[in-house]
Amino acid sequence: MRKERIPELELLRGLAILGVIMVHATSAAVVRVHDSPMLGVYVFLNTFALFCVPAFIFLTGFVLFYNYYDKPLTLGMLRNFYWKRLTQLLIPYIVISAGYELLGHMANHRAWNPGAMLSLFWQHLLSGKAYTHLYYVIITIQLYVLFPLLLLLFQRLKMSVRLAVPLGLIIQWGFYLLNRNVLHVASKGSWSLSYFTPFLIGAFFGMCYPVFKRWFGSGEEAGNGGESGRRRTIWTVVMTALWLAVTAAFIWMYYELRSGGVVIKGYWYEAGYSAFTVLTTLALMKLCGFLYRKGPQWIVSALTDLGALSFGIYLVHPLILYVYRKFPPGSAQPLIYHSWIAGGYVVALGGSIVILLAAYRLLGWSWILFGPVPARFGRQAKQSGVQSAA
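Numbered according to the UniProt record's numbering, the sequence shown spans residues 1 to 390.
Just so you know, these hints were derived from the structure itself, not from any lab.
Note that the Cβ used here is the ideal one computed from N, Cα and C, for glycine as well.
A few of these clues could be false.
To be verified - Straight-line C-alpha distance at most 25 angstroms; calculated DSS-like pairs for lysine-lysine:
1. Lys129 with Lys188
2. Lys213 with Lys286
3. Lys158 with Lys3
4. Lys129 with Lys84
5. Lys3 with Lys326
6. Lys3 with Lys188
7. Lys129 with Lys326
8. Lys71 with Lys188
9. Lys71 with Lys84
10. Lys3 with Lys84
11. Lys71 with Lys129
12. Lys3 with Lys71
13. Lys213 with Lys3
14. Lys213 with Lys294
15. Lys265 with Lys188
16. Lys213 with Lys71
Unchecked claim - Cβ pair distances, simulated, as ranges:
17. Thr132 with Val354: 45 to 55 angstroms
18. Ile234 with His184: 37 to 47 angstroms
19. Gly115 with Thr240: 54 to 64 angstroms
20. Ile234 with Leu75: 40 to 50 angstroms
21. Ala28 with Arg376: 12 to 22 angstroms
Using the sequences and the hints given, assemble the complete structure.
Here's what the structure looks like:
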């Protein structure tokens, strides 16, 4: 049976990629404007946007378990599953990593020693460090490797779906404590275990889609009549208040960090990051349900298109920012500097979209660089558009 399409997921994906670009576009400003009254603005924008990667991981868990939970776990299914991931994720990751590795090699003026270059590239490829943003792709690859084991746990071994969220919390915090006290892995953010809470929350909703529809106002199940509607309203108010409180506390912690204020223990950042990103992802998922049903069509269409382009935008936008930052403003006037920072966001987003649309329409092999071509942006879409216009 064909699965029901869930358009709200694409809207969340669109919001998440906007968050990714915000983090990277403001990363330099939060370090450099210590004495400026704009520091608070940059800290807010940069810190709030940190929901982006956990949101993508939530979506990964949701989509995987939504599509495969009720399918038999067979060798044929696994073969098809990993073949898709090889062509849609692994090959683009290797190719784009090689490009960023060469960029880093030239930018840092390293010696052209083929043996040393290949050895370093291999290390960076395994850790997602060919460029600063590629850790997310290596996390996704790790989740794909672990997915059949988790599917076996819930499907064949009949583990209760309700235990998915507690299991995610136990794995994530168990890894954090083990690393803090024993392993001391420097780049724990490149390990998927650091994100198991949003991943298995997504898995829970993917396996319990009717619950998702009730919670996030997607479809007829979200009606507000009767006692269940009142309970849902109370629950929404309570969760909104909790989300706002956690968000305020998390942003305050980062403001104190950036401004040299109160010294806060590291585990509070970990707890704050986990709570903030999970609650923000769920809050934005609720917003996406509302937007899809009642929001302006142009916003829905724009976020849907961004969601479809999100993987390619994720891969290419740091290159555009790198080139953009080679041309800093010639004046130290605050207004000019802040405009330049804002311009970086616009150029990174707009430039990525232009590059992707051109590649999708003109290059039959663009999937090697940017992953699968969204149906509505590919060469066939262009041809059908020309035919319909004629």
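Any of the earlier hints contradicted here, and which numbers? Result: hints 5, 6, 8, 11, 17, 21 break, sorted rising.
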